[in-house]
Amino acid sequence: MQLPPESLGGWGLVVALCGGAMRGSIPYMFVSLGECLTEKSGKINLGMEGVLLMGAMTAFGVSDLTGSPWLGVLAAAAAGLLLGALHAWMTQQPAVNDVAAGIAMILFGSGLAFFFGKRFVAPMAPQLPLLNLGGWSHTPAVASALRISPLFFVGIALSFLLHWVFTRTRWGLQIRATGDDPQAARALGIDVNRVRFFAITAGGGLAAIGGAHLTLYFPGIWSEGISGGQGLMAVALVIFARWSPRRCLAAALLFGGAQALGPSLQSLGINGYYHLFNASPYLLTLAVMIATCSPNRSLTGMPGALGKK
Amino acid sequence: MSVTRRQLLAAMAGSPLLAAEHAQDPLVIGFIYNGPKNDLGYNQSHAEGKATLRKFPWVKAVEEASVPETVAAGESMRDMIYQDGAKVVFATSFGHFDPFTVDIARENPSVQFFHCGGLYDEKKHPKNIGIYFGFIDEVEYLSGMLAGMSTRTGKLGFVAAKPIPQVLRNINSFTLGARSVNPRVTTKVVFTGDWVLPVREAEASSSLVDQGIDVLTGHTGSPRVIVQTAERRGVFGCGYQFDQSSMAPRGFLTGAQWAWGTVYQRVAQMARDGLSVTNGTIPRRLTGTLKDEFCKLSPYGPSVSQTARERIAAAKAGILNGSLGIYRGPVRDNQGKVQIAAGTTLNVADVELDRMDYLVEGVEGSAR
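Each protein sequence line maps, in turn, to chains X and D.
Numbering-wise, our numbering comes out as the position in the first sequence, counting from 1, plus 1.
No gaps in the numbering here: position 5 of the second sequence is -11 in our numbering, and each next residue is one more.
Chain X on its own, in the form it takes in the complex (with noise of 0.2 Å):
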């Protein structure tokens, strides 16, 4: 047992919003990412619940199977892939409407994460190995809040990364502009179905990935409750990051500390409204939401043919 940490009072509260922003933030970050390269091609996929589920379970289970959590994120990754590439080959057929397909894909995920859940009755499989950063502080928090997962570098990495795939190379441009006009893809020679069944694929993947974060860092547990509708809600972020990769990473953050923000008040001696405070994630949401929704800027960046055929 180490020596027993120090108090930090009001300071807790700052080093526990970073902290939670950095921990907590990190399924938000992949499934937004996941979402965002989606809906460029001009598909929904509200399925992310049932993606991240499974990338849970996936991670969890191969993790604890082979001893190596880095081959649970892989296999993550996979599981993600192949629903992402079933709902993209759902998507594409003829009168399948993206919302309805979405809401069969959250329960599909979910019922087989669940089923294949069943068997795994190790308490913990073999965890992420974290960074520690927080070396050089003495108070334990601060240096806790500092040991930080990897994952969080490669979605910092990735958003940046897919800005910049957006905005200068061919690729990027091909997705948009069949998230834009696919009639006008078309006719400059985009093979539109490939594009788009190459991006909601490659979406999945990214957000089952979001998913091996919660089995395998934070909480660091597999159970039916893990994702507590974060997948939805990183759908959600994608409306008002406004189809962004750079301010899905931000927004990400801002939900991630903002999770952390009931509980360490609490912890803090301000016992009221708990509820409330704990709502703050789903507060936030509609804040923003209102604050970027003006009828005259509303949707900017939405891709011209989001959700029509």
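Everything hinted at is true.
No farther apart than 25 Å at their CA atoms in a straight line, the calculated lysine-lysine pairs in the BS3-like style are these:
1) D/Lys280 - D/Lys300
2) D/Lys44 - D/Lys21
3) D/Lys39 - D/Lys21
4) D/Lys44 - X/Lys119
5) X/Lys119 - D/Lys21
6) D/Lys146 - D/Lys280
These are computed hints drawn from the structure, not numbers from a lab.
Please build the complex by placing chain D on the supplied structure of chain X, with the hints as guidance.
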């Protein structure tokens, strides 16, 4: 009301014939749980209790996990009755009771239902429902004693789901136990708002450790995330509901856990002997304490000293022989009001405690 073949045989022919009948016809008992069987918490504690029935070859136990507290609970019970031939059904989750267990019990008067912790009302509810529950306060008290002996900062943390009487009782008895060995100890409480919220439980645990607490416990569907976070942050952890020592190989102290097998075996035997809750031969309310082995202390973790084990054993002996009452007055709440008068000692089974709406002195938090 129809008389079943088993009851008829029991009445007419006595035990030899009955024994012969058992050989051909197992007693089917159904169990429904609200969550998964491997939650290392409340649901697993019931599933483990059900698993102890294996030692009775004349019992066939069927179960269904993750049964929501909706009409699905009724459907699951119906399936057990009509398809598996269940004669006894245990509904383990609070929300399975009204209206689901009540309705199915009314439809099937020859089947006996037992509900964990339900609020039975003789005027409204059918006679073939029994209620069972345990009072685990004494075990929380012992667990709290060990926490009080182990803390160096004098601050304990408690992550709780909701401020309902049963949770408040556990926070209070844990704190009373800790303060019985070290009167300066305080307990900080964080409410998460619901029974299963792993991410928020982990956040709450982490923020409590940031505030300097060095023993962490909780009351949620499964406090395994709380115990696990304690281990990661290098502080001690105490479990609840089920044995969580596997989540914290270094810092686990002990915990209060259920032992439902006691209830399930007893009811199975009574049902085999032709007794029934409908005619009152099985008591309407089956409740028990540490003494009745409805609950027990989890195995000690490796850091618990011999001296500490001996002190806990002595206190446990005191509880078992009745010389140590855990709710002995004066007990003040954290607003300074006397809740249990000096000279009064409440028994854990006293109904007064079921209405508990305060946190005792030494708890930092609000019961509202």
